[in-house]
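S.K.: Please arrange chain B on chain A, whose structure you already have, making use of the hints.
Protein sequence lines correspond, in order, to chains A and B. With our numbering as the guide, the letters of the first sequence map in order to residues 1 to 113. With our numbering as the guide, the letters of the second sequence map in order to residues 1 to 111.
Each hint should be verified, as a subset may be incorrect.
Stated by the list, open to error - Partial selection, computed: residues in chain A whose CB lies under 10 Å from chain B:
1) 16
2) 20
3) 27
4) 31
5) 56
6) 60
7) 63
8) 64
9) 78
10) 79
11) 100
12) 101
13) 104
14) 106
15) 107
16) 109
Unchecked claim - Here are the computed distance ranges between Cβ atoms for each label pair:
17) A:54 <-> B:27: 38 to 48 Å
18) A:96 <-> B:27: 44 to 54 Å
19) B:77 <-> A:51: 35 to 45 Å
20) B:75 <-> A:16: 48 to 58 Å
These are computed hints drawn from the structure, not numbers from a lab. Cβ coordinates follow ideal geometry from the N, Cα and C atoms, glycine included.
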Amino acid sequence: DVKVTQSSRYLVKRTGEKVFLECVQDMDHENMFWYRQDPGLGLRLIYFSYDVKMKEKGDIPEGYSVSREKKERFSLILESASTNQTSMYLCASSYLVSNNEQFFGPGTRLTVL
Amino acid sequence: QKEVEQNSGPLSVPEGAIASLNCTYSDRVSQSFFWYRQYSGKSPELIMSIYSNGDKEDGRFTAQLNKASQYVSLLIRDSQPSDSATYLCAVNEEGFQKLVFGTGTRLLVSP
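So that you can see chain A by itself, here it is in the shape it has in the complex:
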């Protein structure tokens, strides 16, 4: 079974803090994705990566950055957290040469105070 894990299930941070969210997958997937999910807005893609050290902006990259130093690990960074970044953050992964079946981690519910 594909396993995607995320570093925290719940996280509370203060405005202005730097926040790191980590995602690890154990299926040798090339693609990794970061989404946020908010009520009424659905899943929105923040960034994705199709290879080590490669990254592509998604639909809402502002205020976020990412890092992919190893194939199995994809980090999302909030350089200076703001209250409007309070959300559920979901990581997903998929094979590059596939029909793009994405598998999700359990999610991190981030609250910024």
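M.R.: Relative to chain A, chain B alone:
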């Protein structure tokens, strides 16, 4: 802007009935279609994928695809209270590794 449309619901069905969930998409060249189930407070779980016109069955689930009408549906037979969740439709963006998600349909199955 590619769009995936779903009725937000809730869709209420009695236990044992067939639940029919629908999804339309705007991009004619979309190739791959997925249904995810998401329980409240949990992450989406892939339950069905379909790539060609017609029906695909997996247990109590049947996905139906009609590319000419840009329509994909999910039927759940013998619905159970444990099927109560939000169902997300997702479509592969042609030539890219991204999925476009609908906002989901909430299904309620009453005992």
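S.K.: How about residue 78 of chain A: closest beta carbon in chain B under 10 Å, or not?
M.R.: Violated, about 19 Å.
S.K.: Would the stated hint for residue 63 of chain A survive a check requiring a Cβ distance to chain B of less than 10 Å?
M.R.: Not OK, violated: residue 63 of chain A not within 10 Å of chain B, min 20 Å.
S.K.: Does the CB of residue 106 of chain A sit less than 10 Å away from some CB of chain B?
M.R.: Interface hint status for residue 106 of chain A: holds (5 Å vs cutoff 10 Å).
S.K.: Once the shortest beta carbon distance from residue 107 of chain A to chain B is found, is it less than 10 Å?
M.R.: holds, 5 Å
S.K.: Grab the minimum C-beta distance from residue 100 of chain A to chain B and call the hint holds if it beats 10 Å, violated otherwise.
M.R.: Interface hint status for residue 100 of chain A: holds (5 Å vs cutoff 10 Å).
S.K.: Just tell me: holds or violated, for the beta carbon distance of residue 77 of chain B and residue 51 of chain A against 35 to 45 Å?
M.R.: Check passed, 41 Å falls within 35 to 45 Å.
S.K.: Does the CB of residue 60 of chain A sit less than 10 Å away from some CB of chain B?
M.R.: Constraint on residue 60 of chain A not satisfied, violated at 13 Å.
S.K.: Is the interface hint satisfied for residue 31 of chain A? The criterion is a beta-carbon contact with chain B at less than 10 Å.
M.R.: At about 5 Å, which falls below the 10 Å cut-off, the nearest Cβ of chain B leaves the hint on residue 31 of chain A intact, so it holds.
S.K.: Falls inside 48 to 58 Å, the C-beta gap from residue 75 of chain B to residue 16 of chain A?
M.R.: Roughly 49 Å apart at Cβ, these two residues keep to the hinted range, so it holds.
S.K.: Minimum Cβ distance from residue 20 of chain A to chain B below 10 Å?
M.R.: Since chain B brings no Cβ nearer than about 19 Å to residue 20 of chain A, farther than 10 Å, the hint is violated.
S.K.: Classify the hint on residue 104 of chain A as holds or violated, based on whether any CB of chain B lies nearer than 10 Å to its CB.
M.R.: holds, 4 Å
S.K.: Against chain B, with CB atoms and a cut of 10 Å, does the hint on residue 109 of chain A hold up?
M.R.: holds, 8 Å
Checked against the numbered hints above, the structure violates hints 1, 2, 3, 6, 7, 8, 9, 10, 17, 18; every other hint is satisfied.
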